[in-house]
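On the provided structure of chain A, position chains B and C as indicated by the hints.
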Amino acid sequence: MTENNNNDNTGDGANQRVVGTPTDTADVVTEVPAGAESEHNGPYLASETHPRGEEQQRRGEKIASLWFILAFLGGIGFIVSYFLFPPTAEGPAIADPQISQYSNMLLGGTLTVALFGIGAGMTVWARNIMPHYEVASPYDEMPSKEEEKSSFSDFFMKSADESGITKRPLMRRTLIAAMLPLGIAPIVLLRDTGPVPGDLMKHTRWADGMRMYVEGTHRYIRAEDLENDPYGMISALPALNDEEYPHGISLNDQAKSVILLIKMPEDDWKDGMDSPVREGSDETHLNWTHQGIVAYSKICTHVGCPAALYERTTHRILCPCHQSTFDAADAAKVVFGPAHRALPQLPIGVDDEGYLVARGDFNEPTGPTFWEYAKD
Amino acid sequence: MSKTTQAPKALRGVGNFIDDRFHLAKTGEKNLRKVFPNHWSFMLGEIALYSFIILLVTGVFLTLWFKPSMVEVVYDGSYERLQGVPMSEAFASTLYIDFDVRGGFLVRQIHHWAALIFLASLVVHMLRNFFTGAFRKPRELNWIIGVLIFALAIVEGLFGYSLPDDLPSGMGVRILQGVMLSIPLVGSYISMFLFGGEFPGEDIITRLYMLHVLLIPAILLALIVAHVFIVWIQKHTQYPGQGRSEKAVVGTPMFPGFAVKAGGFFFFTFAVIAGLSAFVQINPIHLFGPFTPTSITSGLQPDWYMGFLEGSLRLFPNTLDFQIFGYPILTSVLVPGLGAMGLLFGALGAWPFIEQWITGDKAAKNMADRPRNAPVRTALGVAGITVYGVLWLAGSNDVLSETFSISLYLTTYIFRVLVFVGPVVAFIVTKRICLGLQRRDRETLEHGYESGTVQQLPSGEFIEVHKESSEDTVAVLESKPVITSTALEEDATDEKGVENPAARKPMGKFRRALAHWYTKDNVSFDGVQAHTGHHLHHSADHGDDKAH
Amino acid sequence: MKWITARRRHPLAGYVVVILALALFGVGYAALAPTADQAQAQTLAAEAPSADDVDIAQGKTIFDQTCASCHGLDGSGSDLNGPDLREVGSAAIDFQVSTGRMPSMDPNNQMPRKPMVMTEEELANLIAYYDAQIRTDGAGADVPYEVPDIAPQRADFDDEESYEEALAEYEDEYDAYIEGADDVDMGMKLYLTNCAHCHSWSGGGGALTDGRWAPEIHDSTPREIYEAMVSGPGAMPMFSDGAISPEEKQELISYVKTLQAEPNAGGIFDLQRVGQVAEGFISWTVGLSLIIACAIWITAKQRAHD
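The listed protein sequences derive, respectively, from chains A, B and C.
Sequence positions in the first sequence follow my numbering and run 1 to 376.
Sequence positions in the second sequence follow my numbering and run 1 to 548.
Sequence positions in the third sequence follow my numbering and run 1 to 306.
Here chain A stands alone, though its shape is the one from the complex (with noise of 0.2 angstroms):
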């Protein structure tokens, strides 16, 4: 802690002027070279500065110019880097990853030694050649004195009377009136920022009888695509085709709508799956499975991340952003993890062609739980 205390030159080289000690009330001066308080007209108190001697300040002089021809010879560097990558024919030269590579490095190489160097010498500047200073400045006395205070009280007081705006208490209300509707326009005009929520984040786009894409590919996924799959994992979207979105199928309808198709053996189902998919509902999670086939959605009932690290020896479906678990094999129920409510389930079949098929809409809404997901 007593690393603050500058105090320079507590030593004495022989060919220094020592001029003080730190404090600004202690006046003792050694060895001051005869003359040194008459030569001293800088801007500080003496015994506040402590000069450096003049062979220190030489030497300062030198590092510190050799720093800013550093940094000089750095800046042109950068510049010169700059054109070294000129655009080519097919595009510029850095849109290949290794000259980019190249490029980067070379540029902010001679950017950090030129920055670099103009510290070091202002630093060295600093250190050896301007004077050490340990100059005192009282603080200032923050409160005013009682009698500005109440000068101040009494001048404020008496103006506002003199406005009115405490006699006049129809005119002050009126303006109050007056300002609120203003004060809530910013926030009606915000209104038209989005849709009410209405149903919309309770609706996907499948629907009974609508075949499902392999994720990335447009090719319909069949029951018996699986068959060779008696553990097997896919990711899929309906197969929508909107003529204005280039995978087809707009983000929203793909956050809301994408399913994990996992295959498992029929015996290792376990007991949720004969229970209701939803309340007061005669269809079970087992009704809408086709031979060992499970849908859910893919999105976590969490904050809504991919829940889709299925582990095939546990039938655990995990999401990788904080860790919810739902057991695949027992109607995507949470056994791990923050996540409110199970994994929505999708109704499934195959249509006469043996393509996998939507039966109708999930069970839930899917997505992160909101306030009234579970009600219509």
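No lab work stands behind these hints, which were simulated from the structure alone.
Note that beta-carbon positions come from the ideal geometry of N, C-alpha and C, so glycine has one too.
Any given hint might turn out to be false.
Unchecked claim - Here are the simulated PhoX-like cross-link-like pairs (lysine-lysine), alpha carbons at most 20 angstroms apart as the crow flies: (1) A:Lys202 with A:Lys270; (2) B:Lys235 with B:Lys247; (3) B:Lys235 with B:Lys26; (4) B:Lys34 with B:Lys235; (5) A:Lys149 with B:Lys26; (6) B:Lys137 with B:Lys30; (7) B:Lys247 with B:Lys365; (8) A:Lys62 with A:Lys202; (9) B:Lys235 with B:Lys362; (10) B:Lys362 with B:Lys247; (11) B:Lys34 with A:Lys145; (12) B:Lys505 with B:Lys137; (13) A:Lys145 with B:Lys26; (14) A:Lys145 with B:Lys137; (15) A:Lys145 with B:Lys247.
To be verified - Stretch by stretch, here's where chain B covers chain C in the computed footprint (C-beta under 8 angstroms, at least three residues): (16) 120-126; (17) 182-195; (18) 199-210; (19) 228-234.
Same frame as chain A, but now just chains B and C:
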């Protein structure tokens, strides 16, 4: 020593021009004479200031090409690997900055590294101020401004991270939306209005862009200017030492000494950030690929400053969730997602006032505390760091699980325990260390320091020679303040024999209990004279050296 | 040494040591960190061995000696945690043995990737025996011989010339497979939606439950990735040719191998492509520390003999 020279004519001309219009000669000199204490820990805030400046400059450069648009395009730019991939214009234009603009890659990396350094320097700067008590009167409001800057900087960072619309950044936005949705009653409305519809919609990047480049930086800039302005008026605190007092600050004046040092430091800060950006790849969005709401990667993490929120989201179980009339109350999202943030910044902002309420000390403090001399505050600070650290680590529990082959769920359970046990242990240990250091200080003050020279006395006894500490060390050691509280006096009757009514109310009792807890452990320096050479007996010291 | 002794108590000595240590760390990291090129170099193509080339009798000896203790002499499995092999297919056998996971020393734990314990020839014999005697009616997936595997090894060739010839041939085949994929979007989608949640966007691997992990796939050859997909080793689900067709698998494998081989445009240190955790760590340990070291230099106490 050169003679005082007349200012060059050109400079005088400019000076007169300005002074004729603003009458600045006197104020100007006063401000150029402003004094800055000489200690590296007073420069931590400058790192934040300089990295903020770097962020502004590089950010402006990036806006020249970045297109904050979510319109889907099929990429046909010059980066070969992703040609033919559908992506948002935001992502495509970020690729353009990386692979078509010379130096664009570097500037993007500087912007990102500077953001990480900015947040990190805010934290260490804040910790320095906390542990030295620099938040005390008259600096409480500046402390609060600092807390606001910290909170806003986190949000600013999150939004900036989201803009390129790459895979991890889009997931960050998704989590943000998930947390919003959990808010009772209005959650889905807030989400719909912010996103302009369902997630991800086509508006969010544009809106976050406006917040990231205009609104939040403007507020941050205003707060930072206010912060620096207040420091300018109130002046820095300073560490105790010879010649230091509550009355005057000692250090290097702005002109010429500090200006050169601070200028050099700006270049150093920039140089380190540029060096990192030149050689260490950060946030390689071209490798991540564009965002789709259906893709995810393992090891998905936010930038470090969001880590504690990510960790608390991972740790909080769903067992406390409940339903009201079929509507869910999602404590597992609300508490960690919003509560943790509120708790952190609420506690930070309130602490100066809580401490003042406990001690009842209304005096202005310009002398910085040595952390050991405020053991309870220091221990609380370390406990806070521990909670934060545990949550932060929990935010990377999958990486830890994989690296150390520990069961993933086990790491969660361990962190759930640690988040409660860790701070308690940290508090106890830190306080002990503080008191131990206080005791050593007293030894040093009485006996001088151990010189390392061992001598044999004529009697055959070996002793280590103690030498007298420097005057400066003595001044530092003797500066130890006595921590007291007015609450402990209030239980007495006043001079008229009337019991203090405030002290009998529950709040009064509570305050007294807190005051007792805050002040009870202390190594008293009463009666200790510098270098008197003999052990004093502890018994005389009001028996308040409880740590024995 | 005198020089050091005289200076080690210098107030700046500590920082010098720290900076030197950091520099050393950086250089060491650069030297040790595997580069994408090295990872890519070890791969090999082979054609399905013809019946004349294989020695089924030797394959039986290998099976009985190294596999049967856990999996049973008929491959039907045992209580020693050796699963039934009769329906897993030869792709699974090739994958497990060629990545050194089998034979396993400790069947109760997940097996990391290791060098293969037998020669390519022995493995071919083992697979021939498996196909002939143990496998049930061609169940499971076959070894995808058309997908490139590891590069030819110098030790397997008598002279340099024939080795280089084989290597050049292999490289052509490898490049043809990787460059034969032309739909990055499809490869990327397939990888990011079906693989990255365990193996990470960079193929760096990730954590699973119960202390298991998804291995990093930097060293995996295209054939190994293919075999892992069709056979589903460990906790990994299966992606048969029905679920993801061979052409789609080629897109997927090409995507991840190309990504892994790409140089890091942002600088030589890629932090193992771990991402944000490593970046945060570096910003504190290297970035902030270096800046603070500069601050200490600026404000450090000076002594007369400096």
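**Report entry** Within 8 angstroms of chain B's CB atoms, at least three CB atoms from the stretch 199-210 of chain C: coverage verdict
**Finding:** holds (count 11)
**Report entry** Holds or violated: lysine 149 of chain A to lysine 26 of chain B, with C-alpha atoms at most 20 angstroms apart
**Finding:** violated (25 angstroms)
Query raised in the report: lysine 235 of chain B and lysine 26 of chain B: Cα distance at most 20 angstroms?
Result: holds (18 angstroms)
Query raised in the report: Given the proposed pairing of lysine 362 of chain B with lysine 247 of chain B, does the C-alpha separation stay at or below 20 angstroms?
Result: holds (16 angstroms)
Query raised in the report: Given the hinted pair lysine 145 of chain A and lysine 26 of chain B, is their alpha-carbon gap at most 20 angstroms?
Result: violated (23 angstroms)
Report task. Between the stretch 120-126 of chain C and chain B, see if three or more residues pass the 8 angstroms beta-carbon test, and mark the coverage as holds or violated. Result -> Coverage by chain B is violated for the stretch 120-126 of chain C (0 residues, Cβ < 8 angstroms).
Query raised in the report: Given the hint that lysine 202 of chain A pairs with lysine 270 of chain A, does the C-alpha gap stay at or below 20 angstroms?
Result: violated (28 angstroms)
**Report entry** Whether chain B covers the stretch 182-195 of chain C (at least 3 residues having a Cβ closer than 8 angstroms to its Cβ atoms)
**Finding:** holds (count 7)
Report task. Take a quick look at whether lysine 62 of chain A and lysine 202 of chain A sit within 20 angstroms of each other, Cα to Cα. Result -> violated (74 angstroms)
Report task. Would you mind confirming whether the straight-line C-alpha gap from lysine 235 of chain B to lysine 362 of chain B stays at or under 20 angstroms? Result -> Within the cut-off at roughly 19 angstroms; holds.
Query raised in the report: Straight-line Cα separation of lysine 145 of chain A and lysine 247 of chain B no greater than 20 angstroms?
Result: holds (17 angstroms)
Report task. Given the hint that lysine 247 of chain B pairs with lysine 365 of chain B, test it: the Cα-Cα distance must not exceed 20 angstroms. Result -> With Cα atoms ~10 angstroms apart, lysine 247 of chain B and lysine 365 of chain B stay inside 20 angstroms; holds.
Hint compliance for this structure: hints 1, 5, 6, 8, 11, 12, 13, 16 and 19 are broken, all remaining hints hold.
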